[in-house]
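Based on these hints, arrange chain B on the given structure of chain A.
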Amino acid sequence: MRKVSIVGIGHTIFGNLSDFDLVDVMAFASAEAMDDAGIRKNRKIIDQVIVANMGGGIINHQTGIASSLVSRLDLEPAMAELVENGPASGASAIKIGFACIASGMVDVVMVTGGELMRTVSGWKGTDFVSTLLHPEAEYNYGLTLPAFGGMFTRLYMERYGLTERELAMVAVKNHENAAKNPYAHVTIQCTREAIFDNPDVNTVNPYIAEPLRLYSTCPVSDGAVAVIMCAMNSPKMKYFKKKEPIVISGVGSATDTHCVHQRKDPLRLKAVQLSAERAYKMAGLSPKDISFAELHDAFLVLELAISEEIGFFKSGESKEAVAKGVTRINGSLPINTSGGLKAKGHPVGATGVSQVYELVKQLRGEAEKGRQVKNPKHGLAVNFGGFGNNVVTTICSKE
Amino acid sequence: MIVNEMEKRLRPPQIKLKPYPPKVVMLASGEKMVVREVKREETGVLLETIYPLIGVPKDFYDIVAARMYAEILGWYRYRVANEFVLVGVIDGVIAGIVNSRLMDEDVGISLHTLAVKRGLRIGAQLFASKMEHHLEILGQKEVLIVAESPIGFRRWMIEYSLENREDKYPKIQHELGGVPTHVLTKSLYDVIRDQKIGGQRPVGLQTLASADVLKAPEEYPQIPGFKRGKQ
Numbered sequence: 131m132r133k134v135s136i137v138g139i140g141h142t143i144f145g146n147l148s149d150f151d152l153v154d155v156m157a158f159a160s161a162e163a164m165d166d167a168g169i170r171k172n173r174k175i176i177d178q179v180i181v182a183n184m185g186g187g188i189i190n191h192q193t194g195i196a197s198s199l200v201s202r203l204d205l206e207p208a209m210a211e212l213v214e215n216g217p218a219s220g221a222s223a224i225k226i227g228f229a230c231i232a233s234g235m236v237d238v239v240m241v242t243g244g245e246l247m248r249t250v251s252g253w254k255g256t257d258f259v260s261t262l263l264h265p266e267a268e269y270n271y272g273l274t275l276p277a278f279g280g281m282f283t284r285l286y287m288e289r290y291g292l293t294e295r296e297l298a299m300v301a302v303k304n305h306e307n308a309a310k311n312p313y314a315h316v317t318i319q320c321t322r323e324a325i326f327d328n329p330d331v332n333t334v335n336p337y338i339a340e341p342l343r344l345y346s347t348c349p350v351s352d353g354a355v356a357v358i359m360c361a362m363n364s365p366k367m368k369y370f371k372k373k374e375p376i377v378i379s380g381v382g383s384a385t386d387t388h389c390v391h392q393r394k395d396p397l398r399l400k401a402v403q404l405s406a407e408r409a410y411k412m413a414g415l416s417p418k419d420i421s422f423a424e425l426h427d428a429f430l431v432l433e434l435a436i437s438e439e440i441g442f443f444k445s446g447e448s449k450e451a452v453a454k455g456v457t458r459i460n461g462s463l464p465i466n467t468s469g470g471l472k473a474k475g476h477p478v479g480a481t482g483v484s485q486v487y488e489l490v491k492q493l494r495g496e497a498e499k500g501r502q503v504k505n506p507k508h509g510l511a512v513n514f515g516g517f518g519n520n521v522v523t524t525i526c527s528k529e
Numbered sequence: 007m008i009v010n011e012m013e014k015r016l017r018p019p020q021i022k023l024k025p026y027p028p029k030v031v032m033l034a035s036g037e038k039m040v041v042r043e044v045k046r047e048e049t050g051v052l053l054e055t056i057y058p059l060i061g062v063p064k065d066f067y068d069i070v071a072a073r074m075y076a077e078i079l080g081w082y083r084y085r086v087a088n089e090f091v092l093v094g095v096i097d098g099v100i101a102g103i104v105n106s107r108l109m110d111e112d113v114g115i116s117l118h119t120l121a122v123k124r125g126l127r128i129g130a131q132l133f134a135s136k137m138e139h140h141l142e143i144l145g146q147k148e149v150l151i152v153a154e155s156p157i158g159f160r161r162w163m164i165e166y167s168l169e170n171r172e173d174k175y176p177k178i179q180h181e182l183g184g185v186p187t188h189v190l191t192k193s194l195y196d197v198i199r200d201q202k203i204g205g206q207r208p209v210g211l212q213t214l215a216s217a218d219v220l221k222a223p224e225e226y227p228q229i230p231g232f233k234r235g236k237q
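Protein chains in written order, with my numbering: chain A, 131 to 529; chain B, 7 to 237.
Here chain A stands alone, though its shape is the one from the complex (with noise of 0.2 Å):
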């Protein structure tokens, strides 16, 4: 297998971006990933197109994403493909990606990782992603992702005895980091006291899926990332001078069943679990050579629930870990350096592909002031495909 290094990264800022087409917003992350490798004059070498996006069909009415974006780019005969594989479709597509290069069917492969969620309403959108649930056992009865993500909170407090005020503290965390990242979507500090502590607690931050509060759940944000690979052994590395590679180490991928309620026990993420091991074996890797990792907390109870799945923690004990300052950036194993999809925020074809975008960024040392980790030399992602049933990690390692 050859060894795929990332050698570009672009990001557009997560938010509002409802002014501009799909394809534009994934066409100024590519630009600038093109910008970053120093291949714009020489876009051509770019082999294949990998676009992330599970929403373009259903909610911007817009299909053949991939082709259309590969002519808004000028990188005609590229070959050009879409994955959807919900919201770990980034990470999907660059797993496919990493594929194409190791397998040596081709040399440099662009992810463009990208979704425009804010063009409908907010309900409009929770139905569009709630599509991803069985649909007659799930979705016809009404549930959504946040009701998924409340019913695990539920569960998990009532098991390890996890209260409101510590999970307020992960939300604390991740804005912190966030506010100094320039892409993240909510860019606001909060304090613990003003989210919990506060008389005012229920109009300041209110429950969406009790006892999911808003501060507990990722915005609904659009946005779109892109990397750009080559293989360290490819003659076209001699394209790619102008930044440090950053070598995919390594990549797992899993499935859990499609239908919560069929799992033994609804609190173990069994394909996180899978994922990772599997990421760590292609690595040669385990949980405790990992600097910092990014983990997909769409509702907070999950960055918690998988950073025990995934070996940092025993079940039960990742909040002591929060509380004691173990996961901010100066903490031995910081967690979501980005703001993680809580602040960041949460395009959802865009997240894999900007949880990797995070990786390298750090692992270069390119992160901001007070933002950046300190000496990372492997970072973690997973990203989190329907209600666990579709999970992929990721591992970059500096070289």
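Quick caveat, the hints were computed from the structure, so don't treat them as lab data. Since the model is a prediction, treat every value here as computed from it, not as a measurement. Yeah, the Cβ is synthetic: ideal placement off N, Cα and C, and Gly gets one too. Possibly wrong hints are sitting among the right ones.
Sample of chain A residues facing chain B (criterion: CB under 8 Å; computed from the structure) [to be verified]:
#, residue
1, Ser251
2, Gly252
3, Gln319
4, Thr321
5, Ala324
6, Thr333
7, Val334
8, Asn335
9, Pro336
10, Ile338
11, Glu529
For chain B alone, kept in the frame of chain A given last:
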């Protein structure tokens, strides 16, 4: 004398309104926002705050700002009956403005809600304060409400589950152009009150003093690069 007599005839009759008692809300950022009633002599700083937003089409700020500008100017010039204006103030700077008026003793007419600072539910807090004034302080029976933006529709019509009176059109229509009218009744307000109405009273003297002299914002998230005096 003739001018004064004419002016008297131009002014609408007024219902004497009880004052809105100030309150303070701690926002998610930890900042304290004082919500208080505006005095007529403070109109200048309100108009100064609103004016730049008249040129912002995104999220319908233009129509809300233009109409609110005219309504508050109308209030200042005594051309609107029974109007009141509330402001949200953070460290002396105006973070948002709401205005409203009474049709009669029983029925209120919600006019506009304008959040200058965004992302902290300031609009939601101020709209709720306006409803509190109508239905609790002034003791009205219901408030007619319309939305001029999707954000407003989501915030008021959906989140408050307002009573839809569209089927009563044209007999019942809000004065803002007769757009579909919804209503917050006192009984509905009593049900949602605890989830929607924030704020603590009384406000400490120091906090209250910080909101005594109103300042127009120097920055507008809606207008990147805004510099006051150069618009």
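Interface hint for Thr321(A), Cβ within 8 Å of any Cβ on chain B
At 4 Å from the nearest chain B Cβ, Thr321(A) passes the 8 Å test, so the hint holds.
Satisfaction of the Ile338(A) interface hint, Cβ to chain B closer than 8 Å:
violated, 11 Å
Does Ala324(A) hold up as a contact with chain B if the rule is Cβ-Cβ below 8 Å?
holds, 5 Å
Evaluation of the interface hint that places Thr333(A) against chain B, nearest CB under 8 Å:
holds, 3 Å
Can you verify the interface hint for Asn335(A): is its Cβ closer than 8 Å to any Cβ in chain B?
holds, 6 Å
Double-check Glu529(A) for me: the hint is only fine if its C-beta lies closer than 8 Å to a C-beta in chain B.
violated, 39 Å
Can Gly252(A) be said to touch chain B, with a Cβ gap under 8 Å?
Status holds, d = 6 Å.
Restraint outcome when Gln319(A) is required to lie within 8 Å of chain B by C-beta distance:
With a minimum Cβ separation of about 6 Å from chain B (threshold 8 Å), the hint on Gln319(A) holds.
Is the interface hint for Val334(A) satisfied, with its Cβ closer than 8 Å to some Cβ of chain B?
holds, 5 Å
Identify whether the interface hint at Pro336(A) stands, where standing means a beta carbon of chain B within less than 8 Å of its own.
holds, 7 Å
Checking hints one by one. Is Ser251(A) an interface residue toward chain B, by the C-beta closer than 8 Å rule?
Holds, about 6 Å.
Violated hints, in rising order: 10, 11; the structure is consistent with all others.
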